[in-house]
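Participant: Here is how the chains run, residue by residue.
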Amino acid sequence: MLEVRDLSVRFDTDDGPVHAVDRMSFELAPGEVLGIVGESGCGKSVTCMALVRLLPETASVSGRAIFEGVDLLSLSSRRLRAVRGRSIAYVFQEPMTSLNPVFTVGRQIGEVLERHLGMSARAARARTLELLELVRIPAPERRLDEYPHQLSGGMRQRVMIAMALACDPKVLIADEPTTALDVTIQAGILDLMRDIRERLGTAIILITHNLGVVADIADRVVVMYAGRKAEEAAVDDLFTFPQHPYTVGLLGAIPRPYEGEGTRERLQEIPGRVPSLRELPQACAFAERCPRADARSRSEVPQLREVRPRHLVACFHPGPN
Amino acid sequence: MSAVDTATMTSPRTRRRVLLRKRFLRRPMAVAGLVVVVAFVVVAIFAPWLAPYRAGATDFNALLAQPSSKHLLGTDSLGRDELSRLIWGARASMQAGFFATVLAILVATPIGMIAGYYRGWVDSVIARLTDVLLAFPFLILAVGLAAIFGASLLNATLALGVGAAPGLIRVARGETLALREEDYVPAAIANGATDRTIIFRHILPNMTSTLLVQATVTIPAAIVGEAVLSFLGLGVQAPTPSWGTMLQDAQSYLTQAPRLAVFPGLAIVLAALAFNVLGDGLRDIFDPRTTR
Amino acid sequence: MGGFLLRKVGAALIVLLIASMLVFAGVRAIPGDPAIALGAENRDPAVLAAIRHKYLLDRPLPVQYAHWIGLALRGDLGVDQRQLSVAHTIVSRLPITLEIALLSLLVSIVVGIPAGVIAAVRRGKPEDYAATGVALIGLSVPHFWLGLLFIIWFAVDLHWLPASGYVTMHHPLANLEHMVMPAIVLGTGFAAVLMRQMRSSMLTSLGADYVRTARAKGLSEWSVVGRHALRNSLITVTTLVGLQLGALISGVVVTETIFGIAGFGRLTIDAVNQRDYALIQGVVLVTAAGYVVVNLLVDVVYSLLNPRIRAS
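Chains as they are written, first to last, in our numbering: chain A, 240 to 560; chain B, 162 to 453; chain C, 36 to 347.
Looking at chain A on its own, in the form it has when it is part of the complex (with noise of 0.2 Å):
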């Protein structure tokens, strides 16, 4: 349904530019639920924003993003603009900010109602408070007339995921919807996630850092690391039989709380720092931090290939440990 392939995205900074996102490539089905993982500035929200065209000016975008038939990347504005908001829908990070703090909440949603479907005034209303209860919003006429800064960070959220639901989307992007929650909530919004795929059939993509919310509900799961895609697999077998260096280390950072069994394990770091973005290196970016690197991890760019079923791998030395 949605194929990326080689998408790059290179920012034009006065000190020069700054490749964030370098040749990604992957596939979402119909109903699957896509986990993109990696730490801040790995370029995952960037890779998506890219998809719907939503980067600043300065951003240089190339590549192609299939959605049912038509490259995204090339759409006209006014096309790409009955893409957005109802084939495919974004829910962003910060609920406390994005949004409008002076339109009501039921104006936001029923917005996006009459602009796609041309629902009238009334329509939209009613449709918006069965949003509101799908999403599981306590008292929901009530919110319909209430402003964002009257409901809480969870609310908000899923007053968020409420708007991104409005047309029925075929893709929902979720950029890191439960990092700026509280744990507690966090699981609500989750459940909330898994119920819409399950119910809705919506192909969701994640965005988060967080692996612990990829073993939750993911089908798949991309790894990347300093703009490239270093490792993409089924998420049991990624959990089982990690490849990549980058997603042994990453596991291996997982608190796990002690048992009272045996010596306490402690906490794996992975050394070092990323990389800078402003050159592309033609080497493994992950080389200096890593501990299986050679000669060859630090003169090539490794390739993605197929080490086990459809679990790929873009390092020289694969392998659990």
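To be clear, the hints were calculated from the coordinates, so they are not data collected in a lab. Honestly, I wouldn't trust all of these hints.
Computed Cβ-Cβ distance ranges for the label pairs, DEER-style [claimed, not checked]:
id, chain 1, residue 1, chain 2, residue 2, range
1, A, E380, C, D244, 26 to 32 Å
2, A, M240, C, I172, 52 to 58 Å
3, C, V328, A, A378, 27 to 33 Å
4, C, V328, A, L439, 53 to 59 Å
5, A, T479, B, V179, 41 to 47 Å
6, B, D448, C, L108, 36 to 42 Å
7, B, R362, C, V215, 55 to 61 Å
8, A, Q542, B, V179, 41 to 47 Å
9, A, E369, C, V328, 47 to 53 Å
10, C, L108, B, F207, 53 to 59 Å
11, B, T451, C, G168, 35 to 41 Å
12, B, T355, C, A60, 33 to 39 Å
13, C, I172, A, L439, 54 to 60 Å
One side of the interface only, derived from the structure: several residues of chain C facing chain B at Cβ under 7 Å [to be verified]:
id, residue
14, V50
15, G61
16, L171
17, V176
18, P177
19, W180
20, L183
21, V288
22, I315
23, A323
24, V327
25, L332
26, V335
All of these numbers come straight from a predicted model, not from anything done at the bench. Cβ atoms here follow ideal geometry from the backbone N, Cα and C, with glycine treated the same way.
Since the structure of chain A is already known, use the hints to place chains B and C on it.
Facilitator: This is chains B and C only, laid out in the frame that chain A set:
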């Protein structure tokens, strides 16, 4: 350590100054503004040497004369040389501009900082007093001062300074409110710093760039204000030249000698524009969000 | 919202009180006998005695003040040099000035706000530079000079518009003819300020997350800029209007002087030049009161527009 190492070890303050200077030089408009400002200041200071005639020198043989080699910009209704009066007039305008602004800053900064730092009832009281000040536009203040003490450049400057103070109080208060939330404040308190130390050593230095920008945009307002007051007879009194009084004279001769109205006004516009452009440039270079 | 407004009204009353005290003190600070000052230098002993009696000049100051305020609240602001009621004079001149002020405000809004929006939307492009440049010049031009220039061009040279004077609203066309130049002259300064504020405010709004959300929803650029961003920016700019009123008041005085309009502003200057202290006192008091009231109104409008305050 080699000589090379020490050469590259400049202090953060020096580095910042160099960076600011580079950013300033990348803005031709701001540089032009600075040049014009300096030019006006120089003219004001060196007026006695620059003006071809003395300020009050009349020539009854050349009333309302057209520009000539003797009087480059012509003369006014009393035969006084326009160019000279323009140059002398720069003094009144620059004086009013600078001193009113300095007064406003000296008064407003401490008040604003106290309001922003201590908040609570102190803030409320200061806010009410500022509102009271705001209720008297500088013109009304000048009217009042003129009524009680008589009209003069000094009173006009006072009125302008007091008129500009409320705005500056708000700015100082806003900056202080924001700066006091910075992490180094509780750190300093934990180290036993007194309120005074925090205000003077931590908060005030970080406000200087904002204050500088505010000063640079208050000065043109004061210059225009002085012209207004002199025009209305509430500031500089004739025969002392001021661009405002020159415009007042010109008003009676609009049909015969329109140029008498043009030149003083152009001088005001040029001076004010230069300061405004400079102020904009300064604001840009101090703003961390601008990239050049 | 009720609490917010109540506090604003309370604050306004306090400010009014202190301002009136300042006016009171100001007149009493004039060197010489207050009775002479208030009586417009009329030295007839009978008149002086009447004034002393009316204003309780031999009683302690606080009593004088209370009495004076009481009279003022009942509309009695004394008489001026020509024995005319100050209050009456003020009331007859005020509408003229209000008309100029409102027309100039209209000019400022109609010119300044769209210019600011366009400059923000087309940031860095020629339209932005042009608009910002014109605004800078507008900020630096003294409006009374502009007035003189206008008179030279449009009245003296071209004879399109009358150079001075005022015609009442009974003749709307003539009235407008006389108002055009003063309104434009007075409006340019604020238009420039408004334009810069709108530009700055719109740039902030356009960079906000909720605008990104609006775009992600597939709304047209018109909707995004004109509804989502603009509404937020207009609210921010509202408070500016109140602050500008002070400049407007000053500006009106000069404008009326140049264009020979006998309005409230002109009254202020005439009062000073004639040393008519009773008139000065009345004018200053009314100006301060008017300023406080208008600012209160602006606060009310702001609280109605800003949902964060309205809905709490």
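Participant: Now look at each hint and say whether the structure bears it out.
Facilitator: We went through each hint and held it up to the structure:
no.: 1; hint: A/E380 to C/D244: 26 to 32 Å; verdict: holds, 27 Å
no.: 2; hint: A/M240 to C/I172: 52 to 58 Å; verdict: holds, 56 Å
no.: 3; hint: C/V328 to A/A378: 27 to 33 Å; verdict: violated, 41 Å
no.: 4; hint: C/V328 to A/L439: 53 to 59 Å; verdict: holds, 56 Å
no.: 5; hint: A/T479 to B/V179: 41 to 47 Å; verdict: violated, 56 Å
no.: 6; hint: B/D448 to C/L108: 36 to 42 Å; verdict: violated, 49 Å
no.: 7; hint: B/R362 to C/V215: 55 to 61 Å; verdict: holds, 56 Å
no.: 8; hint: A/Q542 to B/V179: 41 to 47 Å; verdict: holds, 46 Å
no.: 9; hint: A/E369 to C/V328: 47 to 53 Å; verdict: holds, 48 Å
no.: 10; hint: C/L108 to B/F207: 53 to 59 Å; verdict: holds, 56 Å
no.: 11; hint: B/T451 to C/G168: 35 to 41 Å; verdict: violated, 18 Å
no.: 12; hint: B/T355 to C/A60: 33 to 39 Å; verdict: holds, 37 Å
no.: 13; hint: C/I172 to A/L439: 54 to 60 Å; verdict: holds, 58 Å
no.: 14; hint: V50; verdict: holds, 4 Å
no.: 15; hint: G61; verdict: holds, 5 Å
no.: 16; hint: L171; verdict: holds, 6 Å
no.: 17; hint: V176; verdict: holds, 5 Å
no.: 18; hint: P177; verdict: holds, 5 Å
no.: 19; hint: W180; verdict: holds, 4 Å
no.: 20; hint: L183; verdict: holds, 5 Å
no.: 21; hint: V288; verdict: holds, 6 Å
no.: 22; hint: I315; verdict: holds, 6 Å
no.: 23; hint: A323; verdict: holds, 4 Å
no.: 24; hint: V327; verdict: holds, 5 Å
no.: 25; hint: L332; verdict: violated, 14 Å
no.: 26; hint: V335; verdict: violated, 16 Å
Against the hints set out earlier in the document, violations occur for numbers 3, 5, 6, 11, 25 and 26.
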